[in-house]
Structure formats: C-alpha cells, structure tokens
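Protein chains: 4
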Amino acid sequence: MELGEKTRRRLKVKNELLRQCMGEVLGTFVLLMFGCAAGAQVKTSRETKGQFLSGNLAFSVGVMSAMYLCKGVSGAHLNPAVSLSLCVVGQLPWKKLIPYSLCQVLGAYLGSAVVFFVYYDAIMEYSGGVLTVTGQNETASIFATYPSDYVSLKTSFLDQVVGTALLMLCILPVTDEKNTPAPDSLTPPIVAAVVLGISISLSANCGAAINPARDLGPRLLTLSAGWGTEVFSCFDYWFWVPLVAPMLGGVLGSLLYIFVIQWHLPDHEVDETKDQSGTAELKHRKYPFEEKKEIIGHKEVRL
Amino acid sequence: MELGEKTRRRLKVKNELLRQCMGEVLGTFVLLMFGCAAGAQVKTSRETKGQFLSGNLAFSVGVMSAMYLCKGVSGAHLNPAVSLSLCVVGQLPWKKLIPYSLCQVLGAYLGSAVVFFVYYDAIMEYSGGVLTVTGQNETASIFATYPSDYVSLKTSFLDQVVGTALLMLCILPVTDEKNTPAPDSLTPPIVAAVVLGISISLSANCGAAINPARDLGPRLLTLSAGWGTEVFSCFDYWFWVPLVAPMLGGVLGSLLYIFVIQWHLPDHEVDETKDQSGTAELKHRKYPFEEKKEIIGHKEVRL
Amino acid sequence: MELGEKTRRRLKVKNELLRQCMGEVLGTFVLLMFGCAAGAQVKTSRETKGQFLSGNLAFSVGVMSAMYLCKGVSGAHLNPAVSLSLCVVGQLPWKKLIPYSLCQVLGAYLGSAVVFFVYYDAIMEYSGGVLTVTGQNETASIFATYPSDYVSLKTSFLDQVVGTALLMLCILPVTDEKNTPAPDSLTPPIVAAVVLGISISLSANCGAAINPARDLGPRLLTLSAGWGTEVFSCFDYWFWVPLVAPMLGGVLGSLLYIFVIQWHLPDHEVDETKDQSGTAELKHRKYPFEEKKEIIGHKEVRL
Amino acid sequence: MELGEKTRRRLKVKNELLRQCMGEVLGTFVLLMFGCAAGAQVKTSRETKGQFLSGNLAFSVGVMSAMYLCKGVSGAHLNPAVSLSLCVVGQLPWKKLIPYSLCQVLGAYLGSAVVFFVYYDAIMEYSGGVLTVTGQNETASIFATYPSDYVSLKTSFLDQVVGTALLMLCILPVTDEKNTPAPDSLTPPIVAAVVLGISISLSANCGAAINPARDLGPRLLTLSAGWGTEVFSCFDYWFWVPLVAPMLGGVLGSLLYIFVIQWHLPDHEVDETKDQSGTAELKHRKYPFEEKKEIIGHKEVRL
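Protein sequences, first through last, are from chains A, B, C and D. Counting from 1, one number per residue, gives the positions in the first sequence under the UniProt record's numbering. Counting from 1, one number per residue, gives the positions in the second sequence under the UniProt record's numbering. Counting from 1, one number per residue, gives the positions in the third sequence under the UniProt record's numbering. Counting from 1, one number per residue, gives the positions in the fourth sequence under the UniProt record's numbering.
Wrong hints could be hidden among the right ones.
Capping the alpha-carbon separation at 25 Å, the derived lysine-lysine pairs in DSS-like fashion look like this [said to hold, decoys possible]: (1) C:12 - D:12; (2) B:6 - C:178; (3) B:6 - A:12; (4) A:178 - D:6; (5) B:12 - C:178; (6) C:6 - D:178; (7) D:95 - D:12.
Hints in this document: simulated from the structure, not taken from any laboratory. Computed from a predicted structure; not experimentally measured.
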C-alpha cells in the first residue's frame, strides 16, 4: 500500500496524540456501526432477519474489527472505562484520558449517525414515523441502552459495575505478557469473544453498555435526530448510570486482576532457575509465540 | 500430494493471469455454493432447518474456505469491489481488474447453478413449481439480493456503499503489515468474521450483497433457469445498485483507512529501507507474530 | 503425562496400522458422540434445548475434537471418503483404505451406541416407547440420515456427491503446504468451520452425511437396538446413497482442487528468484508459521 | 502494568499453593459469573433476550476467560474432576486435590452469588417473589443443575460419567505435546469450543454439569439465598450425582486417552532424552507451531 508515498510523508500527522485520537474516533465509529446496525436490523425486521443474539454478535465483531483497525495507532481502547483503567494501572498517561474519551464519544456518535441514515426508511416504517423512547414501537433502544422496567436504580448501577469489572478482569490477562496471554496478533478475536460472553449474559437488566462512549454517543445522536430530550430524561434521568458505573467497574476489575493474579505470577527470570524444583505443577509456559519486540527510542519493550 | 509430478509440470498453466483467473473462478464458485445453498435450505425448509443466521454463517464460512482455496493463486479477492479497491491503492494492476471481475461473476454463476441443481426438487416443492420473483412463494431471493419494500432507491444505494466501505475498512488492517495484523495464515477466519458481522447488521435493507459478482452471477443464473427477466426488471430495475454502489463504497472505505489510519502508522524503519524496490506489492510480513509497540510518554501501551 | 513409563513401553502397540486403526476408532467414536447426542437432545427436548443449528455445531466440534485426538496417530480421516481421496492423491497407501474404513464404521457404531444408552430414557419418553423410522415420533433420524420426502434418488445422490466434493475442495488447501494453509496446530478448528458450513447449507435434502462411516455406523446401531430392518429398507433402500455418493464426491472434489489450483501454485524455490519480477501481485507468503519439521527415519518431511 | 512494583514485591504471595488457590477461586468465579448470568438472562427474560444456546455459549466463554485468567497461576483446572484426573495421570500432586477442589467450590459459590445480586430484581419479578425449585416459575435451575423428569438415576449417572469422560478425552490431546496439540496460547478458545460442544449435546438429561464445583457452589448459594433445603432434597437427593459421577468419568476419559492414544504416539526422540528429569510435569512444548509428522510407508500423511 504505497499509494502516494510523498503525499503520505507530507500529510502524516506528526502529533502523536492527534494520531491516537483519529484512531479512537474511527475505531469506535466502526464498533457502533456494527452494533447499532444489528440492533436496527433485528428491531425493524421484527426479528425476522436476526434475533437478540445478532446484536450481541455484531458488537463482538465490531470490537474485533475496531481493534485490528486502530490497535497499531491508539491501542484500541474504544471505551473510556478501559482508558481510565489503563491510566490507573499506569499504561496510559492521565493527560490522555479526556482526549481519548471525547474521541470515543465522537466516534460513537458518528457511527450511530451513519446507522441512522442507512436505516432511516426502516425506522420510519417500523415506528410509523414517530420516533419514541418508550412504548411498543419505540426505536430509541436501537441506539442507546435503557433499563428493564423491573430493575431498580441500585441494581442497574451494580449491573454496570459488575459487567465492566468482568470485562477488565477478562481482557487484562489476555494481553498480559507475565501471564499466559493470547498471541498479540489474535487478541482481537479473543477480546471479541469476551464481549460476546458479557453481552449474552449481562444484558437483560440494562443492555450491557459497559462503555460510556458506546452509550452516550448514540444517545446524543437520538437527541439530535428527533427522539427528543426523553432519551435523557426517561427512567428518571437514568442515562448517568452507564456513564458513571462502568468507570468504577473497570477500575475495580483491573485492581482485582492485579491484586489477586498479576502480582503473584511467577517472575520469568526467576522461573528459569527454579524450574528444577521437581514440583509437579503445570509450569508457566515460556513464550510459545515468542514475540520479538522492537526497541523504540531509548527503552526496550520488555519481553 | 505428489500425484503425477511429470503430468503436473506439463499441464501447469504458465500464464500467470490465467492461473489467477482460474483461482478467482473456483474461489467465488465455493463462496456462492455455501451462501446460496444455505439460502435454499432455510427457505425451502420453511426455517425448520436453519434460520436467517444460517445464511449469514454460510457466506462467512464460504469466504474463509474460498480464501484458503485461492489466496495462494490469485489473492482471493472474490469480489470486484475488492479488486477495484486494490487497484486504487496500487496492489493490483488496473489491466487485471476486468478479467478478475468477469471470472468472479462466472464463478458466482457456476456456484449458484450447482445449488440450483442440488435444490431443484426442494425449490419445486416449495414454490409449487412456479419460479417467481415476488409473492409469498418467491424463490429468487435464494440466489440474488432484492430490496425490502420500504427501502427507497437512495437508501439502498447508501446501504450498499456503507456496507462495502465497512468491509474494506475492516479487512485492510487485518492484512496490513504496517498495522497490527492477524497472522497471514489466519486471515481467512478473521475476514470471515467481518463478513458475518456485516451480514447480520447490514442485510435488512437489501440483503448485503456488497459484492457485484455475488449478486450478478446468481441473478444471471435465475434469468437462465426459469425465473424470467423480472429478476432484472423488478423494483424498477434495481439490479444495478448492488453492481455500482459496492464499487464506490469499496474505494471510499479503502481511502478512509489509508488517510485516517495507515498514513499515520509508525514507520518500521528496517522495513522502509528495504522496500525501496519500487514494486507495488504487499510485502511479506516479516514476523507474523511480532507486534511493534509504541511508547507513549514513558510507558508502553499494551492493550 | 508420564504415567507408568515402563508399562507404557511394554504395552505400546508396535504395529503401526493397528495404532492407526485405534486412532480412527476413537476419533470417529468422539465425532459421533457429539453429533448424535446433539441430535438426540434437539429431538427429544422438542427443540426446547437446542435447535437445528445445535446438531450442525455439535458435528463441527466433534470434528475438531476428534482431529486433535487422533491426528497425531492416524491422520484423523474419520471418513472413508477422505481416506479414499487421500489414496487417490497418493497420501495414503491403498492397502490401508479398507482397515481405515472399517475402523471408522466401528467407531461410529460405538459412539452412537453410547448416545443410545445415555439418551435411552429420553428416546423412550419422546417416542412413547416405540422406535420408528417414519412418522411424527420417529427417532431413527437421531442416528443415521434419511432423505426428505420430496427428494428424488438422483437429486439425493447429486447432493451427497456435491457435499463431499465441497468438503475435500475446502479442506485440502487448508493443509497443503504449497498453498497458503492454516497453521498445522490450528487445522482442526478450521476444518470444523468448513464442516459447520456444509451442515448448515447442504443438509436440507438428506442430512449431509458426506461420510459413509458417519451414516452406516449409527444405522447399524439402530438396526441392532430395536428400530428394525426398516432403517435399511425405507425410502426404497436409500441407505446406499450416503455410502457410495460421498466416495465419488470426495475424489471429484480432490481432483478438482489438484487440477485447478494445486498444480498451478507457484513453486517456492522458483519464487525466490522470480520475486524481482516487479509485478504488482499479492505474492505468496512464504511460511508465516515456519514450521520446523523433524526428520523421522530416512526421509525428510518436506517443508 | 508496573503499578507499585515495590508494594507488589512485598505483598506477593510466597506460598505457591496459596497462589494457586487464589487463581482457582478467581477462575471458577469468572466461569460461574458468565454461566449463571446467562442462565438468569434467558430465564428471566422468558427467552426474549437469549435462548438455550446462550447458556451454552456463556459457559464456553467463561471457560476461555477463566483459563486466560489463571492458567499462568494454577493451571486453570476450574473443576475437581479435572484436578482428580490430573492427579491420576501424575500432573498434580495428590495433596493439592482437596485444596484445589474446595477453592473451585468457593469460587463457584462467589460467582453465583454475584449473579444472584445482579439479577435479584429480575428473579423476583420472574418468580413473583417466591423462590422455588420446581414448578413453572422455578428459578433454582438458573444456578445448579437438575435432572429432567423422565431421567432415571442410573441414566443420569451414566450421563455425567460420559459427559466428563468426553471432556477429558477431548482436552487432554489439545495440550499434550506428544500429540499434535493446539498452540499453548490458544488452548483456552479450543477448550471452550469443546465445552460448548458438550453443552449443546449432553445437557438434555441433567444440565451437563460435568463439574462438581460448578454444581455444588451455586447449589449452596441457592440454599443460603432462600430456595431452601429442597435444592438438595429434590429428585430424591439427586444432588450427589453431579458430585460423584464426574469424578469417575473424568478419570475414565483420561485413562481412555492415555491407553488408546497417548501410549502409542510416536516418540520424539530429542524430547525423550531431555525429559528424564523424573519430574511429573507437563513440559513446555518446544515448538508450539511445529508438528511432527509420521512417515507411513513411503509417503507422509499430511491431513
């Protein structure tokens, strides 16, 4: 892909943060395109062209695709709760948290906007032309998440904390080179499987947003596209739950992983000498996919 | 597989383009066999032996299988929109665009023809012996795609542009050695997952052809097998949309990837110097399982 | 797993063919356990604990599991049509065809026998205690395959030929080191995906046996377990179709692959020198997973 | 993840068994969170937000996630039947069997407890506030497993033996470096697929616990959370079956694998000489993507 090498060098974005922001916007854009489009397909086809599982699968494929798309640029957080967690554990500088988060919301807004245009005819046909947030023909849930009627505020908050904690608890080891991680080049489908698992098991209460950007972006879209302020005010201004609870849950899940598992993982150097111990354990596999890492600048990326 | 080494050497097709064309014909043949057969199974069994998801899954498996089959010969484009996009980004010589595309249509025709024969009894039984394009017992949609009643021409065009753009946006990074790609030997299942994702989220409006050959080949088959000229004339000669819109969408998606992501990926200096040869090829990825990581500030981003 | 190293050395089966036969028996045993058990679960639960897709998925997982189980011993053919095809292309000595095939039938018989015992109560409850081959409460189709009513003999024969040809056409490239194969250690899930694809797209006519052992073994089980001779005589002695047609189809598919694709694949040695050609093609990736192969005995296994 | 290196060194659990126990607790915790949450979602949504397959998929994703989480610490047995089997084959010291098993039960209890709190509102709404073990609105089966009405004690015992034997028969080769295993870094999704296969094919009789901890933990939770002693006494104190039968089945399946397959695998001479150390460990696989091929007669078997 050598299209216009010279032009490329001229236009290449020199500012690292800007580059990363572009990556997060496009990644979250793709994530929401898959997810909301599947939601629209299932709802407007009245489940004849897909079922509940389709929406779960689409978010899963969206995560995989978005990760391959922007992992090389921005790390593919796609989720302010992930970015915050990585700040807490020291993998992302705090000053990048706000820009990352805003870009994720922007990408989510744009992705759901495209879905709105592509499914405009279908939504009009399904809803009879009236865009509502509640009732039998509501279409707002194609985009943002809303709680089930029977769920109390407390439970829905717990639900989002638990879901996001589970997310971080499951994806941190997949990329932790001290643990027994997946091959770096295959983390996207593995993380996608985790997201699928959470979607099918923790979405009954309030839709498994577990991602403030995935929820706020489409909610702003519905606000600006004709659903009215009810998208924010409904369920007693419930919208803040998927914004706040995932941030808390993500951090809790990350700390749980670090305190209970990561800190106690065998150090690899030490292991070498200890391997003679004769214990009958499942030893730590060394590095089956033995990734050679590059030295960039002055710091070696530790194997 | 040493069957007749001598014969092999004698019969080996020396002309590269001819070889590639044979690959594309057989690959698209396999793709359509899976896809149309699943469509036939779901429809003629009245959804007792599969549901909407089956058709999506079958196209996904078809893409995977076709890629393993002919990637080594022709690159496994399987789709004129993919071939055109690769011409635009300089990975395929323009003079090969027409032969590739024609072969893809031919393979699609042959694949759907085999499905027609295998499911002939079932189609006759389901349709009462009358092959129609519309109405409750229509069977034309087993093969080509048709729009939903409520979809305007403009929306269906947008739908195909967006679907194909999303396709290219998601599969280019999976094979881009400058980015963080999948292992070369595992791109087929990854691309298959992307195709599944698009099938379940963007097929409500008009069937997610996102591939002129996948649509035209089976449409020609139905024309020649007894469905009549209505397969082209119905919905006000709508058939041109899945021929034209994917070509535009594929290019747009590719350029979006290149401008927003690829141009700004960190250079891998060693590669750069070795790649001055001026050829416009997809180079061999050097260490399939190696991932180049960026240092952000003083810490590395791992996720 | 060093359990009883001495005993092991004493009991190790020295005869290679016997070892391979044991592998094929156990592999096909596992395949049929998954497949028939899922069939029993779906039918006896009246689709409340799974649907048509479950049976397809179970055969797919069965293939994957059986391949990991016995690939290292016998090559995991699991299917006389596969064994015959490999004889034709020179990868299995002809003298092993009959032993392999018999063992596959035996394994299939044993696997379905276990399923019969595990699901005995369920089958009795579902069928009202009468084991029949046709009618609303038939349970024979849990085990062997039977054609749909509307399918002519000719069509069902074609169906089995096409299904098995597609199988070989799709799995040969996945393991062909001249092509762009999957990593050897991951061929089982890839082949499993192909089997899933065929199951969901080519099982409407007559159940997608595409494997004489998978069909004959369970049919013999039903004969001996109380369903009577009707399992052979029904549909005008149709049972021979899934025995004969797959053998023909497997060979046809293999030859199609060899003649159209394999013979024309670039030779790797030659490629090295040709790589300067400046053509703008997707070159043949060399060996991303670069497998180091061992020399066993006197012959080097060609990379 | 360099959070508090000093603190880490101070707090690192020095006792290996304690570390392993922590790993098993957290791993089984995650497994049950996925599995029971999906069960709760399917049941309380009256199958509108998922179907039977969702529960199967969730346990599968749970196994994958739990394995990545604690494989590096404890080997990720997650199941007393697996631990016992590994004791029998010499991969785990017998003295660790009880601690491992207790921790697995504890993790399962905690995981299902979290699900109970998250789905409390939903369970109350679904059950009308009365927590019952039988009847139309029963909710106990969200957590522990119960037999179908028609299943005899003998059959349900056989069912659990067979299911767990199949589990061990399928996962041992996936990690056996003498066989043709999956890459170490990708065993979690492969094992997850096996678990999915067993869930969809052997869960009709009594829910496919095939894991005493997965069953006892949630059963204790329901006992302590208000379902009463009926969770143990129902079906004539059936609860002991998924505690005892899997232990037997796991050992049988492991021995079947070892006697029929493993003992007869070709020796890889270099390995053998180096492995004389007498330790009973699962050695590191040397070349994850390398496969040793046998020569059969004068040709190699490739498939």
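Status of the hints after comparison with the structure:
no., hint, verdict
1, C:12 - D:12, "violated, 45 Å"
2, B:6 - C:178, "holds, 17 Å"
3, B:6 - A:12, "violated, 53 Å"
4, A:178 - D:6, "holds, 17 Å"
5, B:12 - C:178, "holds, 14 Å"
6, C:6 - D:178, "holds, 17 Å"
7, D:95 - D:12, "holds, 23 Å"
Going down the numbered hints, you'll see the structure goes against 1 and 3, while the others check out.
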